[in-house]
Amino acid sequence: MSPRVDASSLYGTLNLLVLRAVADGPLHGLAIARRIAAESDDVLQVEEGALYPALHRLEGDGLLSAEWGTSENNRRARFYRLTDAGTARLEAESARWRAHARAVGRLLSPG
Amino acid sequence: MTGPHRFDREIDEELRFHLEGLVDELVADGWDREAAQTEASRRFGDVDRFRAACRLERRRTARRTKRRGTMTTWWVDLRIGAKELVRDRGLAVLVVSVLGLGVGFATALFSAVDGALLRDLPYPAPHGLAYVWQNDRATGTEREPAGSADFFDFRERSRSFAELTMWSFGQGNLIREGADPVHVRLARVRADVDDVLGVSPALGRFVSMDEAAGAGSPVTVLTWDFWQAAFDGDPGVLGRVVTLDGVGTEIVGVMPDGWAAALTQPADALVPLTVRATEANRSPHAYLVAGRLADGVSLEGARGELTDIAAQLEAEVPENANRGAFVESVDEFLRGDSRGVLLALLGAVGLLLLLACLNVANLLVARSIRRTRETAVHTALGADVARTARRNLAGTGLLMAGAAVVAVAVASAALRVMETLAPDTLYVLGGPRLNLPVLVFALAVCGLLALAFGAVPTLGARRLDVQRALGHGADDAGWRGVALRRGLVVAQAALASALLVAALLLTSTVRNLTGVDLGFRTDRVLHMTFTLPTTRYPVDFAVYPRLPERLTFVGEALRRIGEVPGVEAVALTTNHSLDPGFTNSISIEGRPPDPQRGEPTTRMITPGYFEVAGLRLLDGRLFRDDEGVDAPGVVLLNRTAAEAYFPDGDALGARIGFWGQGYREIVGIVDDERVAGAREAAPPAFYTSLLQTPPANGPLRIMVRTRGEPLNLADAVRRALWSVDPALAIRDVATMDATRAAQLRRERFTALVLQVFAGMAGMLAALGLYGVASHAVARRARELGVRIALGADRRGLAWMVVRQGLAPVAFGLAMGLLAARLSASALEGLLFGVDPGAPLPYLGAAGLLLAASVAATLLPARRAASVEPAAFLRDE
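Taken in sequence, the protein lines are chains A and B.
Take 1 as the starting number for the first sequence in the working numbering and just add one per residue.
Take 1 as the starting number for the second sequence in the working numbering and just add one per residue.
Take these hints with a grain of salt, some might be off.
[As the list claims (entries may be wrong)] Quick list of simulated restraints, FRET-style, between CB atoms: (1) Arg-79(B) - Gly-25(A): 35 to 41 Å; (2) Arg-87(B) - Ser-71(A): 44 to 50 Å; (3) Ala-52(B) - Asn-73(A): 26 to 32 Å; (4) Asp-12(B) - Ala-103(A): 42 to 48 Å; (5) Ala-88(A) - Leu-843(B): 57 to 63 Å; (6) Arg-79(B) - Ala-88(A): 21 to 27 Å.
Since the hints were derived computationally from the structure, they do not count as laboratory data.
Ideal placement from N, C-alpha and C gives every residue a C-beta, glycine not left out.
Start from the sequences, fold in the hints, and give me the full structure.
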C-alpha cells in the first residue's frame, strides 16, 4: 500500500485538486470525488463529505460556478464548472505547487 | 422559495445525491445494501457537520453579494481606497502631513498677501486718493507733513485735486463716568476729510463744518476699534458726554471698521480741526494733506503740478526754502511697507509648497511602482482598468481630503502666530483673515494634486507590459520611476539648500542686531507714557520755562515714584531710549548760522536718566538735581554731536541756543545712544534737563530702573503717578527689552519663517533621499546578496549606498547654493552685519543638508550591509 498523506495538513491542497478535477468540464460532487481519487492514486484520502464545504467556498469566491443538471443515471445533480478566475487561480496555484514539490523532492532525494 | 431555506434544501439534496450514489456504487461492487449504507456513511464522514459547514459558506456568500448589491460603486471604491490607505498607514500619514503643512503655510501666507496687498482699501474709488507730502532737501527728510499755511496754498493753487483736506494728530485723556481715565490718540480733522475719503459714519454723523469752524459745543467721533474696546460697541454712546482733557465733549458718531487706515497713524477719536486760513502757519509741519484726484488727472499729473506749486512757494516764502512737495497714492503708501517682506515670504512658501508637492509625488510614485505588479496582475485577471483608476482616485482623494483638513488647521495656527509676531505693517488694512477664497485656493491645490497623482499608477499600468511585470518583478518595469525619484531628490536638495542659506543669513542678522551695543542698557527698565493735559497744566510760551504746574508735577512724580520699593532710579523723559523723537536747529554762540549743519535730536530728560539707561559720561559733568529754571542754563552733547559741531574738541564750555531761548553752556559730553534702533548709527543729539526746560507738549515717559522683573512694579509705579494726579491716562507700559525686541519683529519674523521653512525643506529632502536609497537597496537586494555571498566587505557595501545616495544631493546642493547666491540680494534690505556673499552661511547650509542626508541614508545602508545571501536566493 502506498504511503498516505493527510490532505488537511496541506492548506489548499483540496481546493487545488477540486479546481483540477473540473478543469476538463463540468462535474457533480460525486464525480469530482471519484476523479480526485483516481488522479491521486488514492494517495490523498479524505472523508468525501469534506468536499462539499470546499465546493461551496470556491463557488462563493467566484472560482467555480454551479447549476442543477441531470446526472448520467437521470437524477437531479449539482454540476460545478471553472470560472475564468478559477482557471487563472488554478494555473497560478499549480505553478506554485510544482515549485514546492520540486523543492521537497530535491530535499528528499538522496545525493 | 427563496432565502436560507432554499439553500438548506439544496444542500440536503446535494449531499443525499452523493450518499445514494456511493451506496449504488458499493452495491454494484457486490456489497449488500445494508452494509453498503454503513460503509457509505463511514466514507462520507459526519453528514451533519458538513451540512453545517456548507450552510455557513452559502450564508457568507449571500451576505457578500447582498452588500455588494446595495452599495453604490463609488462607495465600494472609496471603502477599498480607505482600506488601502490603512494598509499603507505610514505613507498616508506622510502624505497628509507633508501636504497639509505645505498647503497650510501657503494658505496662511496667501491670506497675509490677500490681507495686505490684494484687498481693496475700504474707500470708494481708492486709487483716486493721494497724499501730498513735503520733503526737506536741507535735512533730507522725506514724507513730512505740511505746515497749515502750505495746505491752504496747495488748496488754492492746485487744479489736480477735486478736493484737498488735512488732519493732524494729538493725544488726550478721556474720562468716562465710572471708569479709569483712558489715553486716546486723537486725529484733528477738517469736516471735509469725510468727503475726501467718501465713507459715511457707521453711526451718527461726522464733524460738521460749523464745528470745524470753531462754532458749537465740543464734539468727537469715535473710530470703530476704540468704540469696540472702550464702549463695547454700544450704539447708545451717541449723545453721551465724556470728559476729553477736562472738557465735556459729546460723542456724535462712530466711523466704520477699517476707516482709520488712511489717516496713517492709529486714532481712537476724531475732533474738529479748527485752523483757519487766516491763522495758518508755515510751521510746525504737523498737517497731513490728502485729497481726491480730479477726474482725468493722473498721479503723475498731480505730482508735476504740486512740484511746481512747491517751487513757487519756495520762491515766495523764505521758510519754505529747500521744501519740495510730492504726491503719493494712498494705496501705495499703505501697502508699501509690507510688500517686500510679504513677497519674500510668499516666494519662500511657494518653494515650500513645491517641495511638499515633489515629496508627495515621490511617495505616490514610489507606491505606484510597488503597485505596478499588483495592477498588472489585476489587469491580466480581467480587472476593469477604469475601475482600478477609480479606486486609485478614491484613495488619493481621501489623502487630499485629509491634507486639506490638516492644511486649514496649520493655516489658522500660522495666522495666529503671525498676529503676535508679524510686523504691524501687515495689519494696516485689518490683517489677514482665513477667508473663503483662500480656503478654496488650498482645496483646489489639493484637488489638482489628487487628480494628477491618482492617475499615475493607472497610467503606469496601461503602459506596462504585463508579461514583463509578472516575469521580472516590479522594479524593472518601473525603472522610469527610479529616475524620476532621483531627479526629485536633486530638486529638493537644491530648494532646501537655498532656503537654508536664507535662514542662516536672517538668523545671523537677528543675532547681530541683538548684539549691537546701543549705548544704553535695556535690561530691568520699565517705561510708560502719559500726556499732561494743557487744561490743568497750562503752557504759556511767554513765560517759558516758568510753567509752575508742570515743574511741580515733574518734581512730585519723581519723588513719589522714587519712593516705590524696588525702584533703583527713575527719570522723566520726552522720549524713551528707543524713540528717536524730534530734531531742533541750534545756533552756536559766536558762530554765524550754518544751514548746512543739520538738526540734532533733542533729548529732554531728568538727571536720573543716566542711571536708568546706564548712559556713560565721557567728559565734563552730568545734570544736577538742584539745577532748576533759576540756575544757569546747561546742556549736554553726545559724542557724535560734539565731534560734528566741535571738531577741535572745544565743546565743553561752549554755548548753544535753541527754540529762540538764551544760550546754554555745554557742561558734559555723553556716549552715543542708538535711539533710532540697532541698525542706525546714533544721530547727533543734545540733552536738556526737564527741571530747566519743562515739558511743553507731547507725551511724557516715565523710565524706571528696577531691582527685579520690571513689569512686577508696573502697578506700584502707576499708583504712585496717580497719587500725584488721579486723572492721568497711562499707556504703553512695557519693558525696554520688550520694546527693543518689538523693533526687531520684522527680522525675527522673517528669520523664524525661514527657519521653519528651511527645516521642513531639509527634512523633506532627507525623506525623499531615504525613499530613493531604500528603494535602491531593495532593488539591488539580489545583487547585494550575491556580493556578500562572494565575500564582499559589508561596511564597504554600506558606504557605497551612502555615497550613491549623496551624489544627487551634492548635485542639488551645488545648484541650490548657486541659486541662493544669485538671489541673496533680494534679502539685502533685511540683512544686518552679514555679507550675502560670505562663505559661512553657504558652508553651514551645505553641512546641515549633508548631515541630514547621511542620516537619511544610514538606515538603508545598514540594511544593505545586513543582507542575508540565503534570503535572496530563496526570494526568486
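Checked hints:
1. Arg-79(B) - Gly-25(A): 35 to 41 Å: holds, 38 Å
2. Arg-87(B) - Ser-71(A): 44 to 50 Å: With a Cβ separation near 46 Å, Arg-87(B) and Ser-71(A) satisfy 44 to 50 Å, so the hint holds.
3. Ala-52(B) - Asn-73(A): 26 to 32 Å: Holds - the Cβ-Cβ distance for Ala-52(B) and Asn-73(A), about 28 Å, lies within 26 to 32 Å.
4. Asp-12(B) - Ala-103(A): 42 to 48 Å: Given a distance of about 43 Å, which is inside 42 to 48 Å, the answer is holds.
5. Ala-88(A) - Leu-843(B): 57 to 63 Å: Since the Cβ atoms of Ala-88(A) and Leu-843(B) sit about 60 Å apart, the hinted range of 57 to 63 Å holds.
6. Arg-79(B) - Ala-88(A): 21 to 27 Å: holds, 25 Å
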